[in-house]
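Engineer: Take the sequence shown: its letters are residues -19 to -1, 1 to 100, numbered as in mature numbering (1 follows the signal peptide of the UniProt record, and there is no 0).
Hints were generated in silico from the structure; no laboratory data involved.
Treat each hint with caution, since some may be false.
Straight-line distance between alpha carbons at most 30 Å, and here's what the computed BS3-like set of lysine-lysine pairs gives [said to hold, decoys possible]:
| # | residue 1 | residue 2 |
| --- | --- | --- |
| 1 | Lys76 | Lys44 |
| 2 | Lys76 | Lys41 |
| 3 | Lys96 | Lys33 |
| 4 | Lys33 | Lys44 |
| 5 | Lys33 | Lys76 |
| 6 | Lys76 | Lys30 |
| 7 | Lys41 | Lys96 |
| 8 | Lys30 | Lys41 |
| 9 | Lys96 | Lys44 |
| 10 | Lys44 | Lys30 |
| 11 | Lys76 | Lys96 |
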Amino acid sequence: MNLITMAAALLAMPIPALAAGEGEGVSLADFQAAGRQRLLRADANGDAKISKEEWAAGRKNAKRDPSRMFGRLDANGDGQLEASEIDTLLARRFKRLDANGDGMVMPEERTAGRKAADD
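Please put together the full structure from these sequences, using the hints given.
Structural biologist: Pasting the structure below:
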């Protein structure tokens, strides 16, 4: 399993400009802010980090093993997903979605990325 597969769930996140169908697209900063906000909903104790337990609790119905996914995302191996680790994952995903490399993810790029992740 690679980061593309692991991040496929992030494609469902509500990114304001894309969710509204606006034609301007979304910048990396906005993409990261929306993704970080969505993922940090799992932060039950409010420490701005996601523990392995919080991650697993938020993914009870996941198709893949949440522990394995967490281990791959926890770059520094401290048992916590921090904002920098989440931002790194989102930056990789953004780069893959930004097909034309203009620094903006347009609605059609997101749709194409979603289809590719489903394959």
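Engineer: Quickly compare the C-alpha distance for lysine 33 and lysine 44 to 30 Å and report which way the hint goes.
Structural biologist: holds, 17 Å
Engineer: Run the distance test for lysine 33 versus lysine 76: straight-line Cα separation, threshold 30 Å.
Structural biologist: With Cα atoms ~26 Å apart, lysine 33 and lysine 76 stay inside 30 Å; holds.
Engineer: Verify the proposed pairing of lysine 96 with lysine 44, using a straight-line Cα cut of 30 Å.
Structural biologist: holds, 18 Å
Engineer: Under the criterion that the straight-line Cα-Cα distance not exceed 30 Å, is the pair lysine 44, lysine 30 satisfied?
Structural biologist: Satisfied, since the Cα-Cα distance of roughly 23 Å is no more than 30 Å.
Engineer: Please verify whether lysine 96 and lysine 33 have alpha carbons no more than 30 Å apart.
Structural biologist: OK: lysine 96 and lysine 33 at ~29 Å, within 30 Å.
Engineer: For the pair supplied as a hint, lysine 76 and lysine 30, confirm whether the alpha-carbon distance does not exceed 30 Å.
Structural biologist: holds, 24 Å
Engineer: Going straight from one Cα to the other, do lysine 41 and lysine 96 come out at no more than 30 Å?
Structural biologist: Roughly 24 Å between the alpha carbons, so the hint for lysine 41 and lysine 96 holds.
Engineer: Could you grab the alpha-carbon distance between lysine 76 and lysine 41 and see if it respects the 30 Å cut-off?
Structural biologist: Distance ~29 Å between lysine 76 and lysine 41 Cα, so the pair holds.
Engineer: Are the Cα positions of lysine 76 and lysine 96 separated by 30 Å at most?
Structural biologist: holds, 16 Å
Engineer: Given the proposed pairing of lysine 30 with lysine 41, does the C-alpha separation stay at or below 30 Å?
Structural biologist: holds, 19 Å
Engineer: Between the alpha carbons of lysine 76 and lysine 44, is the straight-line distance 30 Å or under?
Structural biologist: holds, 25 Å
Hint violations for this structure: none, all hints satisfied.
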